[in-house]
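Student: Residues per chain are reported as follows:
Number of protein chains: 2
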Amino acid sequence: MNLNISNRALNTPASPIRKLVPLSMETKKRGIQVFHLNIGQPDIDTPVPFWNAVHSYPHPVLKYGNSEGMPEFIDWLIKYYESINIKVARDELMVTMGGSEAVIFAVLATSNPGENYIAFEPYYTNYNGYSAMGSVEIRPVTMYPEDGYRPPSKEEIVKKIDDKTTGIIVISPNNPTGTVFTREEMEMIGEIAREHNLFIISDEVYREFLYEGEHTSVLDLKGVEDRAILIDSMSKRFSICGARIGCMVCRNKELIKACIRFGQARLCAPTIEQYATKALLEWVEPSYYEEMRAEYKKRRDIAIEELLKIQGVTCKTPSGAFYIMAKFPINDIEDFAQWMLTDFAVDNQTTMIAPGPGFYGTKGLGNSEARIAYVLKEENLRKAIKILAQGIETYNRLKTK
Amino acid sequence: MNLNISNRALNTPASPIRKLVPLSMETKKRGIQVFHLNIGQPDIDTPVPFWNAVHSYPHPVLKYGNSEGMPEFIDWLIKYYESINIKVARDELMVTMGGSEAVIFAVLATSNPGENYIAFEPYYTNYNGYSAMGSVEIRPVTMYPEDGYRPPSKEEIVKKIDDKTTGIIVISPNNPTGTVFTREEMEMIGEIAREHNLFIISDEVYREFLYEGEHTSVLDLKGVEDRAILIDSMSKRFSICGARIGCMVCRNKELIKACIRFGQARLCAPTIEQYATKALLEWVEPSYYEEMRAEYKKRRDIAIEELLKIQGVTCKTPSGAFYIMAKFPINDIEDFAQWMLTDFAVDNQTTMIAPGPGFYGTKGLGNSEARIAYVLKEENLRKAIKILAQGIETYNRLKTK
Numbered sequence: 001m002n003l004n005i006s007n008r009a010l011n012t013p014a015s016p017i018r019k020l021v022p023l024s025m026e027t028k029k030r031g032i033q034v035f036h037l038n039i040g041q042p043d044i045d046t047p048v049p050f051w052n053a054v055h056s057y058p059h060p061v062l063k064y065g066n067s068e069g070m071p072e073f074i075d076w077l078i079k080y081y082e083s084i085n086i087k088v089a090r091d092e093l094m095v096t097m098g099g100s101e102a103v104i105f106a107v108l109a110t111s112n113p114g115e116n117y118i119a120f121e122p123y124y125t126n127y128n129g130y131s132a133m134g135s136v137e138i139r140p141v142t143m144y145p146e147d148g149y150r151p152p153s154k155e156e157i158v159k160k161i162d163d164k165t166t167g168i169i170v171i172s173p174n175n176p177t178g179t180v181f182t183r184e185e186m187e188m189i190g191e192i193a194r195e196h197n198l199f200i201i202s203d204e205v206y207r208e209f210l211y212e213g214e215h216t217s218v219l220d221l222k223g224v225e226d227r228a229i230l231i232d233s234m235s236k237r238f239s240i241c242g243a244r245i246g247c248m249v250c251r252n253k254e255l256i257k258a259c260i261r262f263g264q265a266r267l268c269a270p271t272i273e274q275y276a277t278k279a280l281l282e283w284v285e286p287s288y289y290e291e292m293r294a295e296y297k298k299r300r301d302i303a304i305e306e307l308l309k310i311q312g313v314t315c316k317t318p319s320g321a322f323y324i325m326a327k328f329p330i331n332d333i334e335d336f337a338q339w340m341l342t343d344f345a346v347d348n349q350t351t352m353i354a355p356g357p358g359f360y361g362t363k364g365l366g367n368s369e370a371r372i373a374y375v376l377k378e379e380n381l382r383k384a385i386k387i388l389a390q391g392i393e394t395y396n397r398l399k400t401k
Numbered sequence: 001m002n003l004n005i006s007n008r009a010l011n012t013p014a015s016p017i018r019k020l021v022p023l024s025m026e027t028k029k030r031g032i033q034v035f036h037l038n039i040g041q042p043d044i045d046t047p048v049p050f051w052n053a054v055h056s057y058p059h060p061v062l063k064y065g066n067s068e069g070m071p072e073f074i075d076w077l078i079k080y081y082e083s084i085n086i087k088v089a090r091d092e093l094m095v096t097m098g099g100s101e102a103v104i105f106a107v108l109a110t111s112n113p114g115e116n117y118i119a120f121e122p123y124y125t126n127y128n129g130y131s132a133m134g135s136v137e138i139r140p141v142t143m144y145p146e147d148g149y150r151p152p153s154k155e156e157i158v159k160k161i162d163d164k165t166t167g168i169i170v171i172s173p174n175n176p177t178g179t180v181f182t183r184e185e186m187e188m189i190g191e192i193a194r195e196h197n198l199f200i201i202s203d204e205v206y207r208e209f210l211y212e213g214e215h216t217s218v219l220d221l222k223g224v225e226d227r228a229i230l231i232d233s234m235s236k237r238f239s240i241c242g243a244r245i246g247c248m249v250c251r252n253k254e255l256i257k258a259c260i261r262f263g264q265a266r267l268c269a270p271t272i273e274q275y276a277t278k279a280l281l282e283w284v285e286p287s288y289y290e291e292m293r294a295e296y297k298k299r300r301d302i303a304i305e306e307l308l309k310i311q312g313v314t315c316k317t318p319s320g321a322f323y324i325m326a327k328f329p330i331n332d333i334e335d336f337a338q339w340m341l342t343d344f345a346v347d348n349q350t351t352m353i354a355p356g357p358g359f360y361g362t363k364g365l366g367n368s369e370a371r372i373a374y375v376l377k378e379e380n381l382r383k384a385i386k387i388l389a390q391g392i393e394t395y396n397r398l399k400t401k
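As you go down the protein sequences, you meet chains C and D in turn. Per this note's numbering, residue 1 is the first one in the first sequence, and the count goes up by one each step. Per this note's numbering, residue 1 is the first one in the second sequence, and the count goes up by one each step.
To be clear, the hints were calculated from the coordinates, so they are not data collected in a lab. Predicted model only: the values in this text are computed from it and were never measured. Certain hints may be false.
A pair counts as met if it fits within one copy or between any two copies, since identical chains are not told apart.
Heads up, simulated EDC-like pairs for lysine to aspartate or glutamate below, C-alpha to C-alpha not over 20 Å straight-line [unchecked claim]:
hint, residue 1, residue 2
1, K401, D220
2, K87, E208
3, K363, E208
4, K87, E195
5, K159, E378
6, K29, D91
7, K63, E184
8, K253, E295
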């Protein structure tokens, strides 16, 4: 008899994006500036109307909101989706604590312990955590850097499905690779879902971060209305990561009802932030997204330019999100990422990256890859990658001694 | 082959506190004022220093915080616990999205699917939701109104334990009954936990709402340091239910580490609210709690006085929290609670209550009970219970026709 931590807790990995944070706090204490290329934390100012609403929040009591979201904020979301040509009814939507909670609820509502999901690796690292929390398995379908991280053929994907598979998780634009799935690829996924009776959990939080081509939402697909679950977040597009506001949209009203029951158990999403995000409605215009896209596109091109200057680095120009998955001339990227924080600095500055393995479900993959978040302004971004380049050189020189 | 909602979603009940909200919204649309005795939403103003901090939040970007909580807010929490004579180290604590998330994480970290917990019913209704989400079972130990909702003997409790039992959930002061467990009762629970190697999940969010006697924290018990998990929330004591800020404290550092891994997967608790709650440190003084206690004690006495005027009602005066579990001369309290919203009003006013069955794990219990939250000011509280009394009379007259 033992006082045991549960298997699901043991199976929940530390986030590759965040596990080095305690180390980086130590680094900063030593007076060293850390450039954060590890985390998708935009440095763009949160829009002023959001702050105006926060700064003038008028109610004297900070009350619970409704579990499914505050009615006025749901109205706002319906109008937001209208603006991108997606019609949503009130009972097809639920407000969540960030996109994170939306994925957790979707996983819990569509699977029982011991069942599994298909996901295209590399994928958003926290899917590993959500599936462990739900006692389900991810069956990874590998996308290779050489193919520009595109999904393989239908045949290859279907091989991974068994009688315990309940869904497919898609993220487009992809985190960490920036891949945007084409309409054909999304339709192939829809076809597989219909043929094998699977749910589709489609994470589209980077919808507006699109530099080439067209974005296909899972809600644009025909014939999957009962099984398509859209995951969304306000964090990135409005630079409000700390607000913890996202949502889930699904035409299958039973599924939304089930998730609202989960929602009732956790009471509600934060009230002030729903109130403040609502204030963005009258304010947000196409030019906002255009400027944001232009800024990130510029950063993407700078990051690619600087990365390709490093001998032995391979990466392709992604068409969406604000990440680049790059392959480095390093054998053990986990060790290297730590070393950058503990042992390396140039003029009291160093760079933090998110090691690749955490974005894979298959053990042994990603040991030379890392995710680079291009969320810094030009000067710092160039500096951060140049420091990374010097770090690689020094690290390899030391290790081969 | 079917596109199925999961068992855990089907097993997650609608909250008895919140499931009638859509009905009550309809009621309000018809121009009827609803007195909310159903939900623990204090009407006391959120302290001004909290609002001052919100209204002057100084940072231009609303960033992610650390997954375990913002360092300054953790400092604040450590000082708060110091003020109630509990010493907490930084790595024994984690900030959560309300007490809700703390319970969910504690359940997930201490049990595998198919395992079970002991809980004393009636208990906080959302434990049913959290256990369903975690695919675990609650094995209820019944506390009876006639015993003043006190736990039975050790012998009775131990009967419910089997080899799949991993923990005991305690809530003191209790929601919905207001029972405060004595030191002897808490020590008995500690003893059972040691003897049967169980975790103790101790929900103490109503600590300050104590009108008689002494509160014993699970962290005051000796010899259970490795297994005692304190669940806490800022919602009630500072009237910030919509902030979604709580925490978990445990001397077992492996357990906290595991929960922080869950926390990394969901990124962080809301940033603005951690910043604003921190502002309460210099401000909060014993007199704040004393005034709050005096106000709720007055309300408690008014509620009991008004409830006992209703023929056929039985209830005892609770010593903590701000709820009364009362037995009404009604056979089907679920139907009655709905009817109050859809068919009854006095001068365009009606009263909403939380039906009893949702607070029980044992099917068939609670059909004549309801939870009354005494969170309204004197005049409204009296009026709300008087309307309830008239409702009971009318309902019973109509039903026996």
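Student: Work down the list of hints and note, for each, if the structure agrees.
Tutor: Against the structure, the hints:
1. For the identical chains of this complex, K401 and D220 are neighbours neither inside a copy (56 Å) nor across copies (55 Å), given an alpha-carbon limit of 20 Å.
2. When the C-alpha separation of K87 and E208 is checked against a cutoff of 20 Å, the pair qualifies only within one copy, where the shortest distance is 18 Å, while the shortest distance between copies is 47 Å.
3. Taking the closest pair of Cα atoms, K363 and E208 never come within 20 Å of each other, the shortest separation being 32 Å inside a single copy and 49 Å across copies.
4. In this homomeric assembly, K87 and E195 never come within 20 Å of each other (Cα to Cα): the closest approach is 26 Å inside a single copy and 58 Å across copies.
5. Proximity of K159 to E378 under the C-alpha cut-off of 20 Å is found in neither arrangement, the shortest distances being 44 Å within a copy and 67 Å between copies.
6. In this homomeric assembly, K29 and D91 come within 20 Å of each other (Cα to Cα) only across copies, at 18 Å, whereas the closest approach inside a single copy is 49 Å.
7. In this assembly of identical chains, the alpha carbons of K63 and E184 never lie at most 20 Å apart, being 46 Å within a copy and 36 Å across copies at closest.
8. For a Cα distance limit of 20 Å, the shortest separation of K253 from E295 qualifies neither inside one copy, at 39 Å, nor across copies, at 43 Å.
Consistency with the previously given hints fails for numbers 1, 3, 4, 5, 7, 8, ordered from lowest to highest.
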